[in-house]
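Position chain B relative to chain A; hints supplied.
Residue numbers (this note's numbering), protein chains in the order written: chain A, 4 to 302; chain B, 39 to 125.
Be careful, since some hints might not be right.
One side only, chain A facing chain B, incomplete, derived with CB under 8 Å [what the hints assert, rightly or not]:
1. 20
2. 30
3. 32
These are calculated hints, taken from the structure and not from any lab test. Every residue gets a Cβ at the ideal spot worked out from N, C-alpha and C, and that includes glycine.
Single-letter residue listing:
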Amino acid sequence: MKPLFGCLIEIETLAPPRALDKLARAGVFMYEVRQIGKTRVRLYVKSKEIQKIFAIFSGSCYTVRVIRESGLKRPLTFLKKRPGIIVGAALFFASCFLSAPFVLKIEYVGTGSHYAREAEEILHDSGISIFAPFDKERAEQAERRLSLLPSVSFCSVEKSGYVVMVTLEENAETPLPERETSLVSPVEGKVEDIIVLRGQALVAEGDVVEAGQTLVSGAENVAFPVARVELLCTSVFEYISQEESDEAKKEAFAGALLYIDGEVITQSAEVRHEEDKFIYTVHTEYRRVLTVNLAASNG
Amino acid sequence: MRLFEEIAGKIDPYGDLAFGGIRYVIVSGRSGYFENVKAIGALSSESAELFFRGGTLRVEGEKIAVMKYGGGDLVLSGNILKVEKIG
Numbered sequence: 004m005k006p007l008f009g010c011l012i013e014i015e016t017l018a019p020p021r022a023l024d025k026l027a028r029a030g031v032f033m034y035e036v037r038q039i040g041k042t043r044v045r046l047y048v049k050s051k052e053i054q055k056i057f058a059i060f061s062g063s064c065y066t067v068r069v070i071r072e073s074g075l076k077r078p079l080t081f082l083k084k085r086p087g088i089i090v091g092a093a094l095f096f097a098s099c100f101l102s103a104p105f106v107l108k109i110e111y112v113g114t115g116s117h118y119a120r121e122a123e124e125i126l127h128d129s130g131i132s133i134f135a136p137f138d139k140e141r142a143e144q145a146e147r148r149l150s151l152l153p154s155v156s157f158c159s160v161e162k163s164g165y166v167v168m169v170t171l172e173e174n175a176e177t178p179l180p181e182r183e184t185s186l187v188s189p190v191e192g193k194v195e196d197i198i199v200l201r202g203q204a205l206v207a208e209g210d211v212v213e214a215g216q217t218l219v220s221g222a223e224n225v226a227f228p229v230a231r232v233e234l235l236c237t238s239v240f241e242y243i244s245q246e247e248s249d250e251a252k253k254e255a256f257a258g259a260l261l262y263i264d265g266e267v268i269t270q271s272a273e274v275r276h277e278e279d280k281f282i283y284t285v286h287t288e289y290r291r292v293l294t295v296n297l298a299a300s301n302g
Numbered sequence: 039m040r041l042f043e044e045i046a047g048k049i050d051p052y053g054d055l056a057f058g059g060i061r062y063v064i065v066s067g068r069s070g071y072f073e074n075v076k077a078i079g080a081l082s083s084e085s086a087e088l089f090f091r092g093g094t095l096r097v098e099g100e101k102i103a104v105m106k107y108g109g110g111d112l113v114l115s116g117n118i119l120k121v122e123k124i125g
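Next comes chain A alone, as it looks inside the complex (with noise of 0.2 Å):
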């Protein structure tokens, strides 16, 4: 039970009770009063009474000392000494206060994360910078303009501290892949069947079309064709073994077909011997149906 504001005082006095009660009937209450001695007693005051105290004792064969201060009293007079440090600390306060409306960092966050450049231009466009102020209309309205990213099904704009926090989230759904503006053959083969819905065919059945040559592209006003080419393929494909077998052959057949992209017609195989490695050469037929801007991939 002490004083908030208070002081230790020790009183040297042949008699402490009477000390206390001198203080008492001049109205100074006095807390955790401890005797140390037989004429000694320690006891905490209001600080705001020492003067008093020490007017009261002036004079009489009561000795009054300061011991310390105590309760918040140390630190405010440690404080006092050092004026420098309330100010800086108003100064401190005062400037978190004021720049509590500026942004001093903006950081992105989500799948949608990659479309930071463009966030950042949507943002500067809409007024949210570094060191601007930032104001909640300005960050609904890059909301809205962030949502029109592609592939972009949530975004949001908030404030955080001095962080803005822009979240962008992608459809979790595969999107819509980008419309072709031609149909190019991966490989070489001859045509076998032309299908143009939308667009110019380059090729006619029968043609023999070599790998990158553009098949059907668009035509005035059509900026996407739509089309189908089915081409019949050869590859070949050289199988080495340690022995002249079924099995072996079984094995270049398959390998074969992992090169194949399509559906096979006919498959052969040749074997030769070279020093002691049976080479098989594998002759596949297939067939390659090619599309743009149709529901089965292109290529």
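Chain B in isolation, oriented as in the chain A frame:
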């Protein structure tokens, strides 16, 4: 202390509520609260003499110390075993 007024009101509802005599309450083993204390006659860790307008009390116990004193109110800490009116 409102407690005294409440007790006095129940015991003697028409009595003098401004009673300035000896009033105290003891919390066994911990502390004692005394009202209308005029002076402390003697003080040690085993005993204390308290002067009131209506008499003198002698308080005996263990580890007795003044926790608060002022305005006629006195709080003694310690294990108060005996309170005796001696005058």
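Hints versus structure:
| no. | hint | in the structure |
| --- | --- | --- |
| 1 | 20 | 4 Å, holds |
| 2 | 30 | 7 Å, holds |
| 3 | 32 | 3 Å, holds |
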